[in-house]
Amino acid sequence: HGTRMTARWCVGLLLAAFTFASAALCAPVSIGRARTRNLALAMSADGSCASNRLIKVELVAQRAGVAALSPQQDQQQKRYVGQAASGSGISPPTFAQRAKGPFVGVTLLATALAAGWQTKRLYKERQEGLLADFAATMLDRLGDLRQMEAAISSFRAELGPGQYKGKMFVQFVVEFAKSQPIGLPAIEQLQATVGLMQLSQEAVASLYEEVATQLAAQPSVLGKLLFTAERATPEAAAAANLRSKISSWSVETTELLQKAMLDNLYKEMCSSLPAGAPPPAGAEVLRISPSDAVRLMREVQEQKAEAEAEAAAEEQARAEQLKLQEAIKQASSASLSPPADEAAAATAEESRGEGTHEYECTKCGYILFPAAGREFKFYGDDFKCPQAGCDADKTAFVEASE
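In mature numbering (1 follows the signal peptide of the UniProt record, and there is no 0), the protein residues as written are -23 to -1, 1 to 379.
Hints should not be assumed to be uniformly reliable.
[Unchecked claim] Here are the simulated DSS-like pairs of lysine-lysine, each with C-alpha atoms no more than 30 angstroms apart in a straight line:
1. LYS142 - LYS155
2. LYS222 - LYS155
3. LYS222 - LYS236
4. LYS244 - LYS281
5. LYS300 - LYS244
6. LYS236 - LYS300
7. LYS371 - LYS361
8. LYS306 - LYS371
9. LYS300 - LYS281
10. LYS306 - LYS236
11. LYS361 - LYS340
12. LYS300 - LYS340
13. LYS222 - LYS142
14. LYS244 - LYS306
15. LYS306 - LYS340
16. LYS222 - LYS244
No lab work stands behind these hints: they were computed from the structure. Bear in mind that the values here come from a model prediction, so they are computed numbers and not experimental data.
Can you make the complete structure from the sequences, with help from the hints?
Structural data, given as C-alpha cells:
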C-alpha cells in the first residue's frame, strides 16, 4: 500500500512539472499569436465601412465626455484603433525566459525522484525491522501456541497489505535453525508454526528453498534445519530437496552426518533410563525403526555398565593403595624403636647407606620402599604382596637395582 501511494505521488509531481514547463514555454507564443490576431482584426476594420462605424460607436460610448468628432479626428481615431502604434512591435522571448520553464520542471522532477527513493528506502527498512522483531517474538514464545498465534496476527496486520506471510515464515525459520537444538521439541514447534500460519506443503517447500539460500554459507545450521524439517514437514522437505542444498558436503557425507545426529540424539534420550527399561518414546517421530531403537538402547546400557565397572575398579584400586600406604606408615613407625639386641646390628646396617631402597615384586611388579638397613625385618612370615590378585610372599621381592 505504501509503495503504491509513493508511486502515485511521484507520477502526480511529474505531471505537474511537465504541465508547468509546457505552460511556461507556450505562454510567450500564445501572447504573440493573440496580439497578431487582434491586430489583423483591427486592420480589417479599415476595409469595411460598417465595421468602422461599429468600432467608432464603441469608442464614442467609452468616451462619454466627447460630444462630437471631426472628420480629421475620426480618421485619427480609426488609425488609433486599426493600426498598431509605432514602436510597439512584439519582441521574441529571451533565452532566460525560454530556459526558466524547463529548469523548473527538471528541478521538480529531481525532487520528486529523490523523495520517492528516500520514502521507498525508509519503508523497506521498516518492513525488515518488523520481520526481525517477529522472528525474535516467536522464538521467545515457543511452546505457547496462544501467544504464538497472537504474535502472528499482530505482526501480519502491522506489516500491511502484501505477500508478507511467506517472508515472516522465512525469517522465523532462519533464526529458528540458528538458535534451537535438534530434538523432539524442535520438531513439534516447527509443525505447530506451519499450522498456525496456515501454510500448505507446497508453499512451505518454496519457502524452504529461500531459507536454504540464506543459510548456504552455514552448512552446519542448514544440516540442523534438514534434520528437523524432514521430520516436521517431510513432504515439503522432500519437494524442496534440502539435502542437495548443502553444497559444502557430498550426498554421502550428508547422509552419514544425518545418521550420526540421529543416533546420538536417541542415545542421549536412552542414557537417562535405568537398566532394563524399554526404549524411550519418540522413535516414530524421529523416523527410527523399532529394531534400531532396541539396538541403540542396548548399546547405551552396555556402555553404561562398562563405565560403571571401570569406575568401581578404579575406586577399589584407590582404596587398596591407601590401605597399603597406611600399612607402610605403621611399619615405619614401629621400626623407629627396635629392641635392644637389634640396635647394634641395625646401627651397623644403617652405616652402609642412608635413605630407602626399592624392592619390586617379581610376580606383579609392585614396588615397596622399606627404610635402608631394615629391609623386611618388620614384615612377618605371613606377609603377602599388597597388589590385588597377587599372593606373592616377601621372598618374591628383589631389590630394583638387581
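Hints, one by one, checked against the model:
{"no.": "1", "hint": "LYS142 - LYS155", "verdict": "holds (20 angstroms)"}
{"no.": "2", "hint": "LYS222 - LYS155", "verdict": "holds (16 angstroms)"}
{"no.": "3", "hint": "LYS222 - LYS236", "verdict": "holds (18 angstroms)"}
{"no.": "4", "hint": "LYS244 - LYS281", "verdict": "holds (11 angstroms)"}
{"no.": "5", "hint": "LYS300 - LYS244", "verdict": "violated (39 angstroms)"}
{"no.": "6", "hint": "LYS236 - LYS300", "verdict": "violated (49 angstroms)"}
{"no.": "7", "hint": "LYS371 - LYS361", "verdict": "holds (6 angstroms)"}
{"no.": "8", "hint": "LYS306 - LYS371", "verdict": "holds (18 angstroms)"}
{"no.": "9", "hint": "LYS300 - LYS281", "verdict": "holds (29 angstroms)"}
{"no.": "10", "hint": "LYS306 - LYS236", "verdict": "violated (56 angstroms)"}
{"no.": "11", "hint": "LYS361 - LYS340", "verdict": "holds (12 angstroms)"}
{"no.": "12", "hint": "LYS300 - LYS340", "verdict": "holds (20 angstroms)"}
{"no.": "13", "hint": "LYS222 - LYS142", "verdict": "holds (23 angstroms)"}
{"no.": "14", "hint": "LYS244 - LYS306", "verdict": "violated (48 angstroms)"}
{"no.": "15", "hint": "LYS306 - LYS340", "verdict": "holds (24 angstroms)"}
{"no.": "16", "hint": "LYS222 - LYS244", "verdict": "holds (28 angstroms)"}
Taken one by one, the earlier hints fail for this structure at numbers 5, 6, 10 and 14, listed in ascending order.
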